[in-house]
Amino acid sequence: MKTPPTLRALARLPGLSALLVAATTLLACALLFAAAGAPPLDALWTLISVPVLSDYDRAETLLKALPLGLCALSVALSMKVGLWNIGAEGQLLMGTFAATAVGLFLPGVPDALRLPALMAAGAAGGALWAAIPALLRVYGKVSEILSTLMLNYVAIAWIEGWVHGPWRGADGRPYTAMLDASWRLSRGFIGVYGGLLVLVLTALGLHLALRHTVVGFEIRLVGASPRAARYAGVPVEARLIATLMAAGALAGLAGAVELSGAQHRLAADYSPGYGYMAILAAFLARTNLLGAVIAALGLAALAVGGGALPVSYPGLSSSVVDVTQGVLLLSALLFMTWKARQAAAAAREA
Amino acid sequence: MAVPELLPILLAAAVSAGTPILLAGLGELVTERAGVLNLGVEGLMVVGAWVGFGAALATGSAPAGVGAAMLAGGALSLVHALPSVLLGVNQVVSGLALLFLGSGLASALGTGLVGQPGPAFAPLPLPGLATIPLLGPVFFSQNALVYAGLLAVPLVGLFLHRTRPGLALAVCGENPRLADAVGVPLAQVRVAATVFGGAMAGLAGASLSLAETPGWVEGLVGGRGWIALAMVIFSGWSPARLLLGAWMFGGLVALQFRAQAFGLDLPVSVLKAVPYLATLAVLVFARGRLRHRLGAPAALGLPYERDARES
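Residue numbers (the numbering used here), protein chains in the order written: chain A, 9 to 358; chain B, 90 to 400.
The hints are simulated quantities; they were obtained by calculation from the structure and are not laboratory data.
Just so you know, not all the hints are guaranteed correct.
[Unchecked claim] To be clear about the criterion: a stretch of chain B counts as covered by chain A if any three or more of its residues have a C-beta under 8 Å from a C-beta of chain A, and this derived list gives those stretches: (1) 177-191; (2) 364-370.
[Said to hold, decoys possible] Here are a few chain B residues that sit away from chain A, every Cβ distance over 12 Å (derived from the structure): (3) P152; (4) A233; (5) L333; (6) L389.
[To be verified] Cβ-Cβ distance ranges computed for the label pairs, FRET-style: (7) B:L244 / A:L35: 38 to 46 Å; (8) B:P274 / A:E245: 40 to 48 Å; (9) B:P206 / A:P47: 26 to 34 Å; (10) B:I98 / A:R238: 51 to 59 Å; (11) A:P47 / B:A164: 34 to 42 Å; (12) A:A246 / B:L160: 47 to 55 Å; (13) A:V117 / B:L333: 44 to 52 Å; (14) A:R181 / B:R347: 21 to 29 Å; (15) A:A351 / B:R347: 54 to 62 Å; (16) B:A164 / A:A351: 54 to 62 Å; (17) B:L244 / A:A351: 39 to 47 Å; (18) A:A246 / B:D269: 36 to 44 Å.
None of these values were measured; they are calculated from a predicted model.
Where a beta carbon is used, it is the ideal one built from N, C-alpha and C, also for glycine.
The task is simple: from the sequences and hints, build the whole structure.
And the structure:
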């Protein structure tokens, strides 16, 4: 499809596609609100303003942004090495499982070590769960898209098994006992903004490691061209496995954070879907690590805003957030692809 | 009840419970054979369930609901089909977008339908055939949608292997450059295959809200779309093996509720994990010639560009 020169020139304007994507998404939201019988502009304003206006909602947004951001880093990191980590959801769950085991059943952990132990367990759980698809991919040539997807559901079944069985709560409810206070992350100012700081520092650290270390360079090389990397002597298999496991660790850590900072116990319907939203965030950021954190913040705000909608507008359910994410993803995808094709066409003609 | 009496009930339940998977799976099988990967099947099933139930409620007719569901599924799948085939967008991401869109739409707009009783497909025992011992209750005393699913298996198989359009479709998935070179309208075939998949997914969703688990609630589809996707892979893209996979899944669902009667003390969660573990096993162990027979269409998920250089 040939595009007229004016449109092509417009496409090169920085920020224009971001604006168009945002505009399309807001329009779709407004239409959806109208279809569900709520006043579109009012509802739109509620959606956008709630996450930032009150202290409580700001804290809620940041509380969501931390695990979501970690998952987004997980997905973005795997993309650096050329792997799609659709399994962040499962890795988050298995990290939570490991963290719950430590928090509820590990005896004699001194108070000062409790939070680090929880986080370490989460990271380990996620990393081990990610090792499975990593090994399957490297030695079995199994697509990691499919294997991580399947393992997500195995993880859900695993959690259900424990939570309905040996870890069942009092009167048979499908959730474990609560973690007591010494295992919990603070929800006060320091806890919440501290979490944000940790997220940004992690992203920065990963970014710098990828740019300025030999291993980081090797990882990016494997992502760009495994064949070239192998020719250059890079241990491709080791880098693939290590990176996917690191991504799993990040997602598992997200699970531990969610456990310790928000839910405080493992339940049958534990996951808020961060693993899948993270794919959206990583994609919007075009796998840029710091961008992924920003996108995660935006999506967290969207989730909080969406959660506030049913309160004021009974006809709306918070699933408008899902639709918004779908439209956002689709329009971002369309614009990005269109820009890429324009760039490729221009390069061919040059 | 003793085991011999329980067996036909269990098998009948397995066939019935497997129908949504079978219908959605057959649709996705055709889509993937044409080379398009549609991860949005779950979202399409949710939309089908919601539209099907809503339309049936509004018109008082379950078949009308089915028609509406198929239309909705087919139409919504264009959201994935057109960008993927015409623009070459990444099919994984596009499918996920469809997933978010479909589930979100149905959820957001379906709140008024929750808990309402609506028309459903009643069991339709086939005269004469229904009285055959064992086979009768299992295969011939089901509802119309189950029969549709069973019929669709040989129809899809015959289409893919014995008709010209079907073979052309298969070439689109295996070697799109060849298909294009011999004049097969690649883009149209791929879009049509995806729309077919969407309509079947819509039908599968309707089979849930209008037959298997009548009514509309959040979480009705509950991951069955993902299982259908897994079963397509597990089946090696063969309709007959897909039928076996659907029955396996249906059997697991039926067992979940009746395990105690069989003296099985397996936790439900183990049964839930089996379809996914089975698919993983197939992915791992399909090697060499077996991989060729059980393997994916070579060009699955890859956009086709006529002017692109071979890399």
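Here is how each hint holds up against the structure:
1. Residues of the region 177-191 of chain B lying with their CB closer than 8 Å to a CB of chain A number 13, which satisfies the three-residue condition for coverage.
2. For the region 364-370 of chain B, the assignment as covered by chain A holds, since 4 residues bring a beta-carbon within under 8 Å of that chain's beta-carbons and 3 suffice.
3. Non-interface call for P152 of chain B relative to chain A: holds, since the shortest CB-CB distance, roughly 26 Å, exceeds 12 Å.
4. Every C-beta of chain A lies more than 12 Å from that of A233 of chain B, the closest at about 30 Å, which supports listing it as non-interface.
5. Interface exclusion of L333 of chain B from chain A stands, the closest Cβ pair being 18 Å apart, more than 12 Å.
6. Not every CB of chain A lies more than 12 Å from the CB of L389 of chain B, the least distance being 10 Å, so the non-interface label is violated.
7. Taking the beta carbon of each, L244 of chain B and L35 of chain A are about 42 Å apart, inside 38 to 46 Å as hinted.
8. Distance hint check for P274 of chain B and E245 of chain A: the Cβ-Cβ separation is about 42 Å, which falls inside the suggested range of 40 to 48 Å.
9. Separated by about 32 Å at the C-beta atoms, P206 of chain B and P47 of chain A satisfy the suggested range of 26 to 34 Å.
10. For I98 of chain B and R238 of chain A, the Cβ-Cβ distance of about 57 Å falls inside the hinted range of 51 to 59 Å, so the restraint holds.
11. The hinted window of 34 to 42 Å between P47 of chain A and A164 of chain B is violated, with their beta carbons roughly 28 Å apart.
12. For the hinted restraint 47 to 55 Å between A246 of chain A and L160 of chain B, the CB-CB distance of approximately 51 Å keeps it satisfied.
13. The beta-carbon spacing between V117 of chain A and L333 of chain B, approximately 50 Å, falls within the hinted interval of 44 to 52 Å.
14. A hinted range of 21 to 29 Å holds for the C-beta pair R181 of chain A and R347 of chain B, which are about 24 Å apart.
15. In this structure the hint that A351 of chain A and R347 of chain B lie 54 to 62 Å apart at CB holds, the actual value being about 59 Å.
16. The hint said 54 to 62 Å for the Cβ distance between A164 of chain B and A351 of chain A, and at roughly 32 Å that hint is violated.
17. At about 45 Å, the beta-carbon gap between L244 of chain B and A351 of chain A stays in the expected band of 39 to 47 Å.
18. A C-beta distance of roughly 40 Å is found between A246 of chain A and D269 of chain B, which places it inside the suggested range of 36 to 44 Å.
Taken one by one, the earlier hints fail for this structure at numbers 6, 11 and 16, listed in ascending order.
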